[in-house]
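S.K.: Take the given structure of chain L and dock chains E, W and X to it, following the hints.
Listed below, chain by chain, are the residues.
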Amino acid sequence: MADQTLPIHGALDLTPPREREHTLLETLHSWVTTVDHKKLGLMYMMMSIFFLLVGGAEAIFIRIQLAVPNNHFVSPQTFNRLFTMHGTTMVFLVGMPLVFAWANYIVPLQIGARDMAFPRLNAFSFWLTLFGGLFLYYSFIGGPGLYGTGSAPDVTWWAYAPLTLKAFSPGHATDYWALALIVTGFGTIGGGINIIATVISMRCKGMTLMRMPLFSWVMFVDGAFVLIVITPLTASQVMLLIDRYLGGHFFDTQAGGSATVWMHFFWIFGHPEVYVLVFPAFAIASEVIQVFSRKALFGYPAMVAAIIGIAFVSVSVWAHHMFTIGMTSAGNAFFVLSTELVGIPTGIKIFNWLATMWGGKIRFATPMLFAIAFLFQFLCAGLTGIMLSIAPWNWQLHGSYFVIAHFHYILVGAIVFMVFSGIYYWFPKATGRMMSETLGKWHFWLFFIGFHLTFDTMHFVGFEGMPRWIYTYPADRGWQNINLVVSIGGLIQGIAVLIFAYNLISSLFKGKIAGNDPWDAWTLEWATTSPPPVYNFATDPVVRSWRPLWDLKHPENPDWKYD
Amino acid sequence: MNEQQKPGSHTETIHLPAPTAWPIVLAFGSTLLFAGLVTSPWISVLGGILMVCGAVGWFRLVLPHEVHEDIPVVVEHIPIETTRREVERIVIPEGDRAHLPVETYPIISGIKGGLAGGVAMIPPALLYGLIAQHSIWYPVNLLGGAGVANWRNPTTADIAAFHWQGLLVANVIHWTACVLVGLLYGAMLPMLPRRPILLGGVIAPVLWTGMLHSVMGVVNPVLDEHIAWGWFLISQVCFGVVAGVVVARQERIRTTQSLPFLMRMGIETPGLVQEHKEDDRK
Amino acid sequence: MNAIPLVATSPEQEWHLPYKGRIGMYGLIIAESAIFTIFVIAYIYYIGKSLYGPTPQQVLDVPIVNTICLLSSSITIFLSERAIERNNLKTFGLWWAATIALGAIFLIGTGIEWHKLIYHDGLTISTNLFGTTFYSLVGLHATHVVVGLIMLTIVLLFTLTGHVKHEHSERVQVLALYWHFVDAVWVVVFTVVYIVGR
Amino acid sequence: MLPKWLRVERIARLAVFSALALSGHAMAEGPQATPSIFAPASTPATQIYHLSFFILEITAAIFVAVAGLLTYVIIRYRARTGDDESEPAQVYGSNQVELAWTVIPILIVVVLFLTTARVIFAIQDAPMPTAALEVTAVGHQFWWEYRYPKQGLVGQDFVAVNELHVPLSSTDHPTPTYIKLLSADVDHSFWVPQLAGKTDLIPNHPNDTWIDPLQSGLYVGQCAQFCGVQHANMLLRVYVDTPEQFAAWLANQAKPGIQDPSVVAGRHVFETQACMNCHAVQGTAATGRFGPDLTHLMSRDTLASGMIPNTRDNLRQWIKDPNTIKPGCLMPAMQLSEDQLDQVTNYLETLK
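These protein sequences, in sequence, are chains L, E, W and X. Just so you know, we're using our numbering here: the first sequence kicks off at 3 and counts up by one. Just so you know, we're using our numbering here: the second sequence kicks off at 2 and counts up by one. Just so you know, we're using our numbering here: the third sequence kicks off at 64 and counts up by one. Just so you know, we're using our numbering here: the fourth sequence kicks off at 79 and counts up by one.
It should be emphasised that the hints constitute simulated quantities derived from the structure, not laboratory data. A few of these clues could be false.
[As the list claims (entries may be wrong)] From the structure, some residues in chain X lie toward chain E, with a derived Cβ separation under 7 Å: (1) 140; (2) 142; (3) 163; (4) 166; (5) 174; (6) 178; (7) 184; (8) 186; (9) 193; (10) 206.
From a predicted model like this one, the values you see are computed outputs, not experimental measurements. Just so it is clear, CB atoms sit at the ideal spot from N, CA and C, and this is done for glycine as well.
Okay, chain L solo, but in the shape it has when bound (with noise of 0.2 Å):
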């Protein structure tokens, strides 16, 4: 076949720049001031690992905790901080990071762009992200300082009014909460902005939407969804700060206002949230189980009108979390319906991947590894999810440890899992360097073994009527023998972790050199240098169908005919 250069072949000075040793203030200071799109995606990735790792102690502080009745690890007060501050950070500083490291970092690639559509607005973004999760942790030390955990946030991720009043949530321990979540809210859109700018005004020549790969597609759907979603959680802390720093009366029972309405605005923030949250886990199974199963992507229309349509059910059956609060019959049977509903789009989902590895030729490098167990735990999750949507059994589980095991199988077994293998699958796009698959197969086995130790065992506490939220339970429960499973789990957890860690690290300096496509793929970000040169791409890519690389790589059996 014909060997097409780049027509400026020769008109351009080929030396490569002067290699020079930087000092480490100037690198330092390359990476603050820097508004390349790329590096901004690694440091939300390293800012999310950095949580990650805050929030895995937590909760390995609240498993010691519980790991025996009646333990007197740590006090209720720091056990409520612990809780709340938990699920704060693994939800705001953790995962929405997460959406931003993967939506920066892959889109301008996938898309044929030279960088993000704004910039300094995405710097901009990504500090407000960081500096609102740095402030959140100042509320350790503020307030009366270390000794009870100074004035961390202690009413719970859900924050239910009135329990976040002045009369009962004295202090400032609310007011952190609040104002730092207002802080990383901000971050949250203008990089929600900035993706579907990006996405809709940056795309390379030839790539029509129907013809971005569905990763992007997914990460578009998020940036978008991302803008209504986190915006009801800012106006009604935005309400919160009105009723505790000018006295108004939203939420005071006292005066009139209304409890319930607080959990209303929650969760019309709360649910979509989640599906903020696991939508780049299924961008990256889509990516790495076509990479890794040798096939295209089964059904490409339909995954991105699921994606469409889960987006769109998801914002009307926020009230699902709230079946216990006293609503209506007719109120209980809607959003039965409605959440039933979202079952359908995310059945395709699952189905459509299946049939993806259907009659393909799977390798079991450590990224698929990951992305098989999400496809399991996925399923599980989904179906423990239509059984808490079935409100009158929701009665009995709502607030009980198989909610907290439901939605760990999403949070950590979609989620997390799929980070990990986005993260063995880009490491060597982004680093140069493969990362080592004798770890990796150890972490994924640990990881998984330690997961369903935790989550599968949890649900069974629930059946027991083991609520959430508890920093100690009687002895005469017979709920003790399972929490002992349940934080040895977590402890095996957190060793697979560490081994990633050192994975990470170890692979950045001694890994074995990747090359520009080691997995052998199919979309752009594949068709330049690993790592990307600044620009990305020395000349405008051009592409004709949603698997470019397929098309170059098959000249006699390209996608473009079939389009």
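M.R.: Coordinates of chains E, W and X only, in the frame set by chain L:
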């Protein structure tokens, strides 16, 4: 691509937005502004000052023209190739169409079939009502009652009377279910190996009725007691046969029985086309 | 072996994508709409739920002049958008200044209304639920007007110093889009606060 | 119901129960130390129990189908050693197949929804029989107040604390208890898994729930909505009494507090050391409403909302400094002297 860069144009350097510290200053200022609320007002004042500085600095970066830095381009030859040159193909008999057009099994045929079947179900149901309970509303209310779940322990006379809610709910349930099942027929019938009408029109309704029979006891036990399952089966079969015939008529011409299973599923794959165009292969 | 551009033989077709600034502003408007929606829902839900007075019927007057000013500023800013598109910078500056003037009148009107409510009727944000929701919703909108006015004024200053040129028309239109949004929100706020809630 | 259906239910129940056996206790009828939702003893809980098994069967079937498919795909289509390095056939999709796996879930959803809706209406909108007992439960940080309005004997309301007594119900003569749920401060949730699903207690938003326990004994549960520091120790105890026991209990509760002259010193301390600002003893000057009513303190088995047994030592320690037992609870240590402590304890011990 940046605005000033036309696609496909090349220069020795590429303009990219210059690194800048103003975003971080603005972000830090905003955070301090909020942090002042829980610490000291002076923190807020400091934050406000930083914000103004950051905003002005940022503003001067983009107006009147965006500040860029020039990045020298290093052109590398990036080969895009794979060791997997061969692509397997799904082999199908010579002479068949490979890439099935969607129109072969139009989705509308399923809807048509479902609606026609839905009409066909009505006479036996009403007939049953007239014969068994002397009221055409009896079957309507039975169906509607499944939706009106707060209908407590109705008597037979209750069920035989006219209720507009029952009629409404029954219609909604009936037509929704018919269209859905019709769609399923439209999708599935062409896949069945032979005698699609027998399978789809008779055996499927029997299975379906059996399933409903066992499930109805849980879905709505009160109404379960009032349903005459024989008549129920008859009207299901009516639906199945009519819907099946309508669906099958829509594409009888195209549904060649010799087609392999994969093709009847309407699988879209380039491999099939390649097989067709023998001369293109290398 | 191939290298990018990925398809050498692609037909030379036009490839136009929307202006990113406009898309970004639409994104911001979507986000802002969601915030306003929550505040509006809260307002509507709490209508008539105050345990003690004053009630809206007692103290609220319909701000007709204010509303006319703000809504007509949408027309003036539209005229100035058209002027800059036709490279008529003088007309642009005139209409732009008119927009700022109308916006300022609106703000002053709101200030007078609030002054009366606070010092004459004794309604503050902590008085009752009506006060809380009223000042929050109207205040949120007024904040947006203030931000808009600051941005508009900066552009006016640049116009007066001759820095705004025809090539900036797209950016100016993005800012105008924001102003249209602020006006549109006022229609909702006005309906909810002064018609439905009174 | 069909025998086949019963078989399926039995298998599913066996699976769940054997899993539960992991935690080392067997399932039996009647009140349990472990408040399992699979040991229902009251109509709402039983209806939920049956519904849950129907749902379990459907989800188990879906699980077996999809997970089986996944396993098959992984094994059948794994890359084998000695592979010829070719790409497999590229299949883009199939409208028919995708339509099929869209419609089938919709049909399942319809069935699930209809079933669920029926149970929602059956439990939530159940008409209240005239024989029903009406009780008002008020949630406090971190204890329960139960107001029994107009329980005949003396014609006035009386208050029970932390330990709810309800009459036994039977299928022939149902005497369910309808509980009106209020909150004095923040959100709480009333959850006794064996008797009914949970319902929240929300300030300014009255709710209700109902139970009709079919076996007597003590049913446990606890607050299921986070309500502050001691949320974990806001335990629920529901005593289901036989009609005779219940009548006797009612008669005792309706009486004013016993005024034993031998403990007048303790009563004096109680009424002068600010105890009575929060606590009430019917028939005395103490009418505080912020803390639990102490008129019949000694008729309760536990102190501190079910946390510790009601013994003299515990009581004395509790009065001395509640925070050593329940850190973060709202009752302050009154800095009583040892003598005063003994006197107050003596006084409280007479309040039977």
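S.K.: Each hint should be assessed against the structure and marked as holding or not.
M.R.: To see whether the hints hold, each was checked on the structure:
1. 140: violated (14 Å)
2. 142: violated (16 Å)
3. 163: holds (5 Å)
4. 166: Given a least distance of 5 Å, the restraint on residue 166 of chain X holds.
5. 174: holds (4 Å)
6. 178: holds (5 Å)
7. 184: Given a least distance of 6 Å, the restraint on residue 184 of chain X holds.
8. 186: violated (10 Å)
9. 193: holds (5 Å)
10. 206: violated (14 Å)
When held up to the earlier numbered hints, the structure conflicts with 1, 2, 8 and 10 and fits the remainder.
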